[in-house]
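Position chain H with the ligands relative to chain Y; hints supplied.
Taken in order, these protein sequences are the chains called Y and H.
Numbering (our numbering) for the first sequence: 293 to 822.
Numbering (our numbering) for the second sequence: 431 to 725.
Source of the hints: derived by calculation from the structure; they are not laboratory data.
The reader is advised that the hints may include incorrect statements.
Unchecked claim - Derived lysine-lysine pairs resembling DSSO-like cross-links, with alpha carbons at most 27 Å apart:
hint, chain 1, residue 1, chain 2, residue 2
1, H, 690, H, 513
2, H, 497, H, 513
3, H, 513, Y, 490
4, Y, 313, Y, 790
5, H, 497, H, 690
6, Y, 720, Y, 822
7, H, 690, Y, 822
8, Y, 822, Y, 574
9, H, 690, Y, 313
To be verified - Listed next, the stretches of chain Y that the computed footprint assigns to chain H, with coverage defined by at least 3 CB atoms under 8 Å from CB atoms of chain H:
hint, segment
10, 311-320
11, 474-481
C-beta atoms are modelled at their ideal positions from N, C-alpha and C, and glycine is treated no differently.
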Amino acid sequence: MTTATASHDNHDDHGHHGPAKGIMRWVLTTNHKDIGTMYLWFSLTMLFIGGTMALIIRSELFQPGMQLIEPEFFNQMTTMHGLIMVFGAIMPAFVGLANWMVPLMIGAPDMALPRMNNWSFWILPFAFGMLLFTLFTEAGAPNFGWTFYAPLSTTYAPSSVTYFIFGVHMMGISSIMGAINIIVTILNLRAPGMTLMKMPLFVWTWFITAYLLVAVMPVLAGVVTMMLMDIHYGTAFFDAAGGGDPVLFQHVFWFFGHPEVYIMILPAFGIVSQIIPTFARKPLFGYASMVYATSSIAFLSFIVWAHHMFTVGLPLQTELFFMYATMLIAIPTGVKVFNWVSTMFRGSMTFETPMLFALAFVVLFTIGGFSGLMLSIAPADFQYHDTYFVVAHFHYVLVPGALFGIIAGVYYWLPKWTGHYINENLGKFHFWMSFIGVNVTFFPMHFIGLAGMPRRIPDYALQFADFNAIATVGAFIFGFSQLIFLFVLIKTIRGGEKATDQVWEGAEGLEWTIPSPAPYHTFAEPPHVK
Amino acid sequence: MATSNYYVPESSYFPIVSSIGLFGMAAGAGGMMNHMSSGGQGFGFPHLVFTAGTLLLAFVFFQWFAKVITESRGGMYSPQMDKSFRWGMSWFIFSEVMFFVAFFGVLLYVRQWAGPWLDGQGDKGSSHMLWPDFDYSWPMFNNPGGADYPGPNAVIDPWHIPLLNTVLLMTSSVTLTIAHHALRAMHRGRTIFWLGATVVLGAIFVYYQILEYIEAYTELGLTLDSGIYGSTFFMLTGFHGLHVTIGAFILFIMWIRICKGHFTPEQHFGFEAAAWYWHFVDMVWVGLFLFVYIL
Ligand code: HEM
Ligand SMILES: [Cu+2]
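Here chain Y stands alone, though its shape is the one from the complex (with noise of 0.2 Å):
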């Protein structure tokens, strides 16, 4: 891939000063670095708070019966769980990530508009403040599920779906200013010499992600509008009485909805094709291939989106092409499993942990595949829609999938940021403590799924019972687990090992030019990339 000429020396960096002191700096700054750390930092709390969700979630149906708490306020924890861990937890830690190490990684000075890149962030404590605000009022927070179909989100909604659709308006624009932010940066603030195709695979898989969120922000900004509409302006448009449609409402959701879950796993593929070379000391296998498995990816979640309406009742040849166009996916998704595990093949492999966690996103990131896949078949789906599978398809593709390419990277990255090593057996330690207790969690909601059980329902049939016991165990075990991360970044972040400037042994790029701590400002002269 790329090799750099140490041209840069950062003692040159006249000019400019170090950072400000005390808060202000973090509130006015229009540094990437400053601002990637506020991003993940939000992340994580968001993270927390999600996660504690989900902990409610699954106590109450840790028995089938009700048992703690009431149906609706159930409704309230699986849509803000939802919400919160798709907008404010997964999103915002990848565009911090992408703040962080797209400068490094291409040799640029900064973000292309850093003022811009500010108030992309400053948006979101903002808009998830509004919205973890409905909780305490009286009508109660958003119930709807997190993709708020209609007549649910509209007719039958209560008051708080208004500041719900402002918080969406609100997490979009800055969606939007991020992702046209890095693209700029991307296409224009490279280094002489890294053209487009010695781009790091983390910056690719960027570059196409932001084209997506780009595309598609938009059209769920579309569709709340609507909603808004329908519910105090008296449009019908997801109002079949006025000539309008429910299921229209479903296929512009899903229009966002399907990229959007590429959205949340092609940074964390782009992640994983950093960590593995490194660590199996080998270059990426088929580097190329993957920038066109990843573009491809990308056309094809334009024209899948009604894989998630299989059983709504469309029109037979439209059930067909979106299952075969579905199943098309499997295919780049499929060449890049290869590459990782030929770039492995016959490496010196060694397992710090972020290569833990990378290796365990290859292969729990393909269980959700396949499930992917069966779900993808529209008889059998008839079948599995709304059931726990599909929660368990999504969470394996979603929490070892992308939370994992996110703490993967963190690791992989943290001693660039802090100047430190991790405690490696902590490290360890909080890895098989969430391989565990992600398996034990989900694994089981496959077969409940597949016997019949309902999703989003707070009671259950008895037969049902001791999987979820045992989820819910599982549940607590990944959840409490996320403390040693909370603790190792900490005890980082304040000391440990001094790590060199290359970090680690095998790694390669220009981001490991660079002293580590990586300096406030970097690159103010560009290097040459041969």
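Quick look at chain H with the ligands alone, frame taken from chain Y:
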């Protein structure tokens, strides 16, 4: 590819204050709408929050853009920075295109599938059982659940105001291009004239659009509540009208800047960005004229 002096601004209070302003607008608007829909009247706390948020955002934006202009005129931006702005604006317009694509898609879906199905035609014609008396036609004068959604008596005649508006916008595209050529040729007077003409044409467009809405509401019974025809009609033309208003406002700012002598024949990205935006809004109108009014 990077050159060595890419401008990275110092820390700035614009982003945080803009976020507070945006939050005020969003929370205020949410409160206002809930207030309205629960039968509330008058100017309450949410209205105050909304107004304060909007004013704050407008104020910061003014400062923010003023700062960018000062920096640009102070020669702090390299050609590379100029490119960042160009890419940024292009992708922003792409996001706007996708926003409209969503609404055009809705129109297509309703006319091509949802409507005929409700009438018993096609693959999902079984939905006819909901309202056996319903006959599909477009424009939809009779909605399936008639009582809740009284249909319009008539719809806008495309060959009067909409045709006029088409001519207005197309002409404004031409005048804008003439202004651009004049700017490149350093004819300030002519630039001011033709750009001014563009803004005036945009304003007249908006004026006629308002007249059309008044006619729709008072004479045709075509309103937001008149079923899916009214919903799509007002959504598409409404958001387009909003964009024309914003576009004309931006062009007006450019007009002021040109009067102040801000641009040079080589460097006038602010103007070009406004022009791109205007042409985008024009193209959307062509789509509207075809698919909303004529067909
Ligand atoms: C191999 C590729 C994949 C295939 C073939 C696939 C297929 C499917 C299908 C058919 C469904 C609908 C199931 C139903 O509701 O009955 C589904 C649901 C879902 N998938 Fe996937 N999927 C794939 C990968 C992914 C990835 C990578 C993610 C995210 C990172 C993801 C996230 C989701 C989510 C969140 C849902 C459920 C949405 C909901 O109803 O709440 N999937 N998938
Ligand atoms: Cu999907």
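Status of each hint after checking the structure:
1. H:690 with H:513: 24 Å, holds
2. H:497 with H:513: 18 Å, holds
3. H:513 with Y:490: This hinted pair holds, its Cα atoms lying about 21 Å apart.
4. Y:313 with Y:790: Measuring from Cα to Cα gives roughly 24 Å; hence the hint holds.
5. H:497 with H:690: Holds. Residue 497 of chain H to residue 690 of chain H sits at ~16 Å (cutoff 27 Å).
6. Y:720 with Y:822: 37 Å, violated
7. H:690 with Y:822: Judged against 27 Å, a Cα distance of about 47 Å means the pair is violated.
8. Y:822 with Y:574: 19 Å, holds
9. H:690 with Y:313: 40 Å, violated
10. 311-320: It holds, with 5 qualifying residues against the three required.
11. 474-481: holds (count 5)
Consistency note: the structure conflicts with the earlier hints numbered 6, 7, 9.
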